[in-house]
Amino acid sequence: MSLKRWLYIPVILIVLGLLQWACSALLLDGPIRQGPYYYQILILAGINIILAVSLNLTNGVAGQFSIGHAGFFAVGAYVAACISVYGGPGIHSLLGFMPGDAQGAALLVLAMIGGVLAAALAGLVVGIPSLRLRGDYLAIVTLGFGEIIRVLILNIEAVGGARGFIGIPKLSNFFWVFGGVVAAILIIRNLTRSGYGRALLSIREDEIAAQAMGIPVTRYKVMAFVISAAFAGMAGALFGHFTMYLHTNSFTFVKSFEIIIMIALGGLGSLSGAVLGAIVITVLPELFREFSEYRMVIYSLALILIMIFRPQGLLGNASLLGRKRGGK
Amino acid sequence: MKTRTAYKWMGGALIVLTLGFLACNKKPAGSEEILIGEYGAMTGSTATFGQSTHKGITMAIEELNATGGVLGKQIKILSEDDQGKPEEAQTVVTKLINKDRVSAILGEVASSNSLAAAPLCQQSRIPMVTPASTNPKVTQVGDYIFRICFIDPFQGKVMAKFAGNSLKVKKVAILRDIKSDYSMGLANFFKESFVANGGEIVADESYSAGDKDFNAQLTSIKSKNPEAVFVPGYYTEVGLIARQARKLGITGPLMGGDGWDSEKLWEIGGDALNGCFFSNHYSVDDPSPAIQNFVASFKKKYNGESPDAMSALGYDVAKVLVDAMRRANSDNPDSVRLALSKTSGYAGVTGAITLNESRDAVKPAVVLEVKDGKFAFKETVAP
Amino acid sequence: MHAFLQQIINGISLGSIYALVALGYTMVYGVMRLINFAHGDVYMLGAFFGYYSSRVLHGKLQSSLIETILVMIVSMLGCALIGMLIERLAYRPVRKASRLTSLIIAIGLSLLIENLAQLIFGADPKFFPQLIPEKQIALGGLSLTNQQIIVVVVALLLMAGLNAFVFYTKSGKAMRAVSFNLDAAKLMGINTNAVISLTFALGSALAAAGGILVSMNLPGIDPLMGVMTGLKAFVAAVLGGIGNIFGAVLGGLILGLAETFVAGYGSSTYRDAIAFLILIAILLFKPEGLLGKGQVEKV
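Protein chains in written order, with the working numbering: chain X, 2 to 329; chain E, 3 to 385; chain F, 1017 to 1315.
Looking at chain X on its own, in the form it has when it is part of the complex (with noise of 0.2 Å):
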């Protein structure tokens, strides 16, 4: 990377920061009475948009379908809000000299980065066996590893078992948020256009044509999907520190379908089409409370008719505002 580009993160940064300052003087304390709901679902799409970006490097790009993703998102969450609640104390004693926002910042850095690790190393320990099958074993392995994450989450009494893991800090906000979105784009987008990318893709089109390209066909899958889990991770350490509460309700299958469904409504492999999927998944419901009991029957009608009559999604290869890019 140029130097020049090396400047666009201090910009990006400016740019975060103003905008969180605007969020919490217009919607936290300020005069647009909805505010407080409007941050709400600005910080749910944000986590969703992290979520969505990352599961189509691997369902997407990669061509490789995990049906786990929750899994990740629920190992990210969990030892993120661990590092926060039992090492909290020690980290804030440590650094006792910073004024306190900054200490805060510290600890969720720290927290993330171990929900960040966590997450890739669950997804090291289950893609290196499972990435070796094929797509539709592969999808139930994957289900299969969320499921026995949350039985093993429901054990640990240290995180509240069933009874839900209270007392973590609330730590994210829209600037870390976003900032997670920026880094979970820009790093995604830059990996895609590589020749990493391109091996990922051509992995998808044709695996043994891959293969007698001389393509390690199995080291860059178990790259592509660890990398996925470690933004799940991080997806999960900005959840946990802004809903200060984790449940293992949050981390069902349902919660890995409805990322699916993100990412097949904008279009898998699309990453335009995977921020726009969660954007739509999480606003739109929001519009049509009134119907909230036929959401799921709307969203799984919506998911097969778009699969039967766009499989491409709602934006294809087409990006709403980049070039097109590779694929069919």
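Hints in this document: simulated from the structure, not taken from any laboratory. The structure presented is a predicted model; accordingly, all values stated were derived computationally and were not measured. One should not assume that every hint holds.
[Unchecked claim] From the derived model, a few chain F residues whose C-beta atoms are all more than 12 Å from chain X:
| # | residue |
| --- | --- |
| 1 | 1082 |
| 2 | 1107 |
| 3 | 1120 |
| 4 | 1205 |
| 5 | 1270 |
| 6 | 1277 |
| 7 | 1283 |
[Stated by the list, open to error] Derived coverage of chain X by chain F (criterion: at least 3 residues anywhere in the stretch with Cβ under 8 Å from a Cβ of chain F; other residues may be distant):
| # | region |
| --- | --- |
| 8 | 226-232 |
| 9 | 295-302 |
Heads up, the beta-carbon is just placed ideally off N, CA and C, and yes, glycines get one too.
Take the given structure of chain X and dock chains E and F to it, following the hints.
Same frame as chain X, now just chains E and F:
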């Protein structure tokens, strides 16, 4: 160049979000109505409990409105579905508070969802009354959070006492629902209290809500020869558990908590449940007119369906809240909170409700015996 | 020892449930190479059709046996119809597309059926009538009921029947041909659409039979009852070698025994994880399953 496209995405995302927000920015309801929010699981795997509670709440509000509402206004209940997920509970409660501007909030059944949403109510200073969240931690969130049901330690203790003193059993096995915070709480406190009174827990097995086959756990329980089995689950599974336990030759009584209370329990469990005991808020046989009227009008409204504990608690929670509004002579959240904290001896269907300084209901529990499809009164246990 | 024998009975009884559902799974997979996630939900529908038809029929017939058979027929026909509709409307349009497409559709269908069922039937559990009165069979202090035996026997009978159908009838032969190579089968003049429809109808009818028999034994039915049973039945099918009829039953029995022994002797809290651990292990070490044949990927 590439970073700019990222900005465009962000811009596009923001536009979509803003449009969405504008679209849902409807006018608030007029002030000629009193708005009360309700959140619960209307869909998802715990939907049956959310729907039962909703029936009770709806009936209470309809009755109140028929008699002129409160403070000269009609009451409007805004009900939101949280799908049984904590983050969704937070979203709908934020919506009820900030967008709909409700005066108070009712819900949730599951302690996990109440625990997720209670801090938001506390922060916005909107009173929240939960009908059925039994985890003690719920009301510890703050002074705006109330509950009208038992807490786990109390109900666990009631059955432990009953087992020790009335049934005179010494060896008890536990079969708990690992997925349910309610069941886990009850089981833990039962264990603690029963062991403290000199009893012995010979087996502690578990299942997960939604299971249908419990033979493995029950066989293992049977091999330990307990005199009774404590099954603090919901009626959705207990009926099947009872059947299978009897088939396997477990003859001692099964015991449980208010999660048992439903006509479905007998429908599914049948004869196997004869001679089993559970703690509850009230007895349908209680001749008191309040209870008899409630049962009769509930059956009338819902095609002959009998109310379960959730419906009764939902009915009471709405009435307790409106009663507080009446006493406060205002729907201002702070006044309502104050009046709620002074609730004393409110004659509800689920017993005389008094809220103590930790904002939990203090009321006696009744122990009921299952007898040929009826839940017969056995004894009252005071807190 | 007594408890051990009882656990074996429990395990076989649970395993035969998985086996019944796994038979349908394995059939559809064998022919279409498609995980029909909706299969578990068709099993649920079968139970509910049985529930409603028995409420209509109850008391109108003298013999409970005739009633049982009628209820079975109604429910099996209903589910066969739904299975065919699912195939015609959702799977056929994407048969040529990638397998991922049909997998996502399968997930969508499963969610659709579950949520529609919650709206239509209600979320609360319902009591499934005892069409065949339950009888306890004394066996030296062990507990066994006639219904548990019925489930095992029916699972074995269906297995044998299905096997005979697939290997000794013309339609069965066509089914195997389609399973080997769809296009070649078409060139040989086989009406492949009809064969696939038949497969779905048969698989769904099997699920309905399973739903009714299991619900008599464990008489609480609810709209989400098919989710876990379906997943575990799939695991059973993979364990035995997916596409293999004997394998489905064998896998079901092994899974049932494994779950029972973990719950009975190990920690019952980990029971739900066992099925998936077995699945992962079998896929790693013998991905074609216990009785399956390995397949070489053709380029």
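Taking each numbered hint in turn, which are not upheld by the structure, reported in ascending numerical order?
Hints 2, 3, 7 and 8 contradicted; others consistent.
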